[in-house]
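> These are the residues of each chain, in order.
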Amino acid sequence: MLTTLRDLLRYNIEFRIGAILVGMVAVIAALSFVSPYSPIDTFVVPPDLPPTLAHPFGTTSRGQDVFWHLTFAIRNTLAFGIVVAAISRILSLAIGLLSGYKGGWVDRVLMSINDTFIVIPLFPILVLFYFVLRDHMSWFALAMIMALLGWAYDARLIRSLALSLKAREFTHTGVFSGMSTREVLVREHLPYVMPIVFATTMNNMNWSIGLEVTLSVLGFTDINSPTIGGMIYWANQHTALVAGVWWWIAFPVVVIILLFIGLFLLAVSMNEHIDPRSRLRRLGAGGGP
Amino acid sequence: MMAPLLGLSHVSKIFGATGPLGRRRVPAVSDVSFALQAEAPEIFTIVGQSGSGKTTLARMILGMEAPSEGSIRLAGNDIGHARGARARRLFMATVQPIFQNPFEAFNPLRQLDYYLFLTARRFGQARDQRQAQTSADVALRQVGLSLPEVAGRYPHELSGGQLQRAAIARALLAKPKLIVADEPVSMVDASLRMSIVNLFKTLRDELGISLIYITHDLATAYYISDRILIMHEGVVVESGDARTVLADPQHPYSRQLKDAVLVPDFAGTSVVHDTMEMSGTQRPL
Amino acid sequence: MMTAAALPSDKKCVASGQPATAVLQVKGLKAYYRTRHFGVEREVRAVDGVTFEVRSNEIYGLAGESSSGKSTLIKAIAAAMRPPLEIVGGTVAFAFVPGGKDLHQATSAEVAAIRWRKLSYIMQGSMSVLNPVRRVRRSFEDFAAPHLGGTGASFEARVREHFALVRLDPNVLDAYPHELSGGMRQRVTIALATICRPDFVIADEPTTALDVVVQKDVLGMIRNIQREMGSSLLLVTHDLGVHAYVTDRLAIMYAGRLVEEARTPQVFASPQHPYTRHLIASLPRIGDAAPRAGLAGAPPNLASPPSGCRFHPRCPLAGDRCRRETPSMTVFAPDHRVACFAVSGGTA
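Those protein sequence lines, which keep their order, are chains A, B and C.
For what it's worth, numbering that gives the first Met the number 0 labels the leading residue of the first sequence as 0, then goes sequentially.
For what it's worth, numbering that gives the first Met the number 0 labels the leading residue of the second sequence as 0, then goes sequentially.
For what it's worth, numbering that gives the first Met the number 0 labels the leading residue of the third sequence as 0, then goes sequentially.
One chain only, chain A, in its complex shape (with noise of 0.2 Å):
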């Protein structure tokens, strides 16, 4: 693993890239641990102070360090999108892979549920959600939301790569070997399925981060916790762009924006990387006379 990790680096210029862009982000996540200010006080600092060297990325008007309370905000909303990513891919794994290999009734039921999932307007929902549970939202109980309802859309693409992977001989091979169902999934299958479950995750991630970015800006999260949303909802709040205190809005947009190219130049890389195709080229299979 260690020596992929290495090699990527020093051959992929994508990876290395994109590395550098998460890596930075992440830093600056880190950072919130060492934070000077607590994220929930206000009036801290004096308000609306451009970027200057004492405030790098400027004040907010509710009289906040920019720079410090975007530490927590990306922490939270970089925990969000893991979060989201991580539940929902073990559901669409196990449910696209169940429902593929096993076919038959099992497949029928579980790409019922599937595709009644996929037609669920998910905003309306989650503004929904939010009004049910307005106290009580965390960006926890979002998180668990939205997992729940982003696994569909990647179970069926899992599934047609299950239904390939069924036909191919060496699934035949492992069951006559003695594998059951669960061994065959995990141990053949998996391999051949992971590189479209890291491009579901950048994408994951994105669409997630993107979609809490869209509700919080609209009012419809916890806004205590901050999160990137939040700032550019307190930002609209206080009409920023209009008063002159673009460093409000600018930086948490810019922020965000590095990590969404950052996770999609990973996966990009990652994704070459671990295709079965391009291992099998590597190991000297394949190509050739």
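For the record, the hints were derived by calculation from the structure and aren't laboratory data.
Using N, Cα and C, we set each Cβ at its ideal position, and we do this for glycine too.
It cannot be assumed that every hint is accurate.
Unchecked claim - Covered stretches of chain B (chain C as the covering partner; in silico rule of three or more C-beta atoms under 8 Å from a C-beta of chain C):
1) 149-160
2) 178-190
3) 211-220
4) 236-247
Said to hold, decoys possible - Interface residues of chain B toward chain A, partial, derived using beta-carbon atoms under 7 Å:
5) P96
6) A104
7) R121
Once you have looked at the hints, place chains B and C on chain A.
Only chains B and C this time, still in chain A's reference frame:
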């Protein structure tokens, strides 16, 4: 009388395709019956071109498809009723497959000794890794390989012939009574083909394993078969003792098949004998 | 003595000693795959010094198994090379390339000019040539019309005339590929490849994917077309039965090099190279149940091939010299070359 090792009775397989105006029924296999006896191991060949139904028949015998009509019985038990893990295990301890593409038979991302050890542990009564390694080595030697040659290797590091032999070794580890081989040598180089075909004969003669050999190649069919079944579009057109049928086929399709075989005959048989003497000095494989 | 089944009566023989012009001359061709993945460099010597020529009005067969390098050789001859495959040495010269220059030195305009009109290909999978969502006629228009002066009445007439020549039903033109059987599709592909009456056709495993009954038909069609057009055909396949049926001369390839080349009847009647002899002896035949042996060992790894003669690890006649030196093709008999120390010199 003991139940036959394998008995097919009026087996048919119909695939239903739904067209815009109702279902079209495509009979892939129609009314096939034959039986293999346990006391007399033999090589039973099914010959056909693409679309003849031979692969569908193989899949039904291996339990991968269920027959639409008729029954397939293994040692008296109907295969279709083998539900549940235990019944499936028992079934697989009796019947094992060899597939056409040796490069696909094993997961390209995995070292192939993994499958050997697994089969030894699940079917071969090996209790731990050391016993599994011993069993694997024994099975590999039976097919002309050995564990040191194969251990730790990935499929792409071996030739088609070696891979196919490894696949046979894996099948042997389950100690089956019947092996179903679907075009086992069609994707193997001509120079390596005969060693595998000869191996099938050895399995029958020394280990008492019956083989259902599915192929489109009449020449290798003649070389090793005891009995033969010729299929065309799902129906058996001719069957019987292999040498007799192939030497003088009766059915028009069988004749057509035999005529189409390209025979490189330019001289007398002196060439064959010359070369046989020469290759007699090599390690026989 | 030749049996009727193997040598149809219209097969012509090139009498040895008769001067024949070469349409293709390959000299010392070397083509390697050079890859670099994550800092690991590999060089696969797929074609390592191949010399032969194809004469006018003949079918020249090239036989080889997996890792013989024959597919790479075709790519090099057809100027269809892409990195990581590179020509490392040697020349490929067609008689119809202006100035007789090496095909790889020719400009892409010159190469485009000879494609289809002078040089065409018949590939293994007919589906990769025929567009599945368009009728056959459209494929002809796409491929051949630019070379025959556009679509229109004269083009249509030309196509029908060609179909009559190859004995294909012209109604096939209006069908979609999936409506035709595999054999039919391959015949359409062959008609497509030959409609401009090229001087040289490369056929790569043209009948491998077909049923035995259809195969004989299609091979007959290939042979007839060659006779009618008088062009040269390079037929590459691993199936020796196919070579016996249609080719005039046959070369055997092993591990990137030629090991034997002779007129086809000679190759089967008196093969000299140990590899050829083993190949031919191990062919099973209906009516002959005598035991046959497979060849020991495994095909060589072209990234690190054996030293000296590449066949020596598996050769029953191998001697010290075979391990040290590489045999070159020497003349054994008129029109019969062999690369083997046991045949030409000593193996000590």
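> A separate judgement is required for each hint: does it hold in the structure or not?
Now for the hints, and whether the structure bears them out:
Given a C-beta distance limit of less than 8 Å, the hint that chain C covers the region 149-160 of chain B holds, as 4 residues qualify and 3 suffice. Figure legend: the region 178-190 of chain B, annotated as covered by chain C; annotation consistent (3 residues with Cβ-Cβ distances under 8 Å, at least 3 required). As drawn, the region 211-220 of chain B meets chain C at 4 residues by the rule of a beta-carbon pair under 8 Å; at three or more, the given contact holds. Only when three residues or more bring their CB closer than 8 Å to a CB of chain C does the claim for the region 236-247 of chain B stand; here the count is 3, and the claim holds.
Among the interface hints, the one on B:P96 holds; its C-beta lies about 6 Å from the nearest C-beta in chain A, closer than the 7 Å criterion. Interface hint at B:A104: satisfied, since its Cβ lies 5 Å from the closest Cβ of chain A, which is below the 7 Å cut-off. The interface hint given for B:R121 is met, as the beta carbon of that residue sits about 3 Å from the closest beta carbon of chain A, less than 7 Å.
Checked against the numbered hints listed earlier, the structure breaks none of them; every hint is satisfied.
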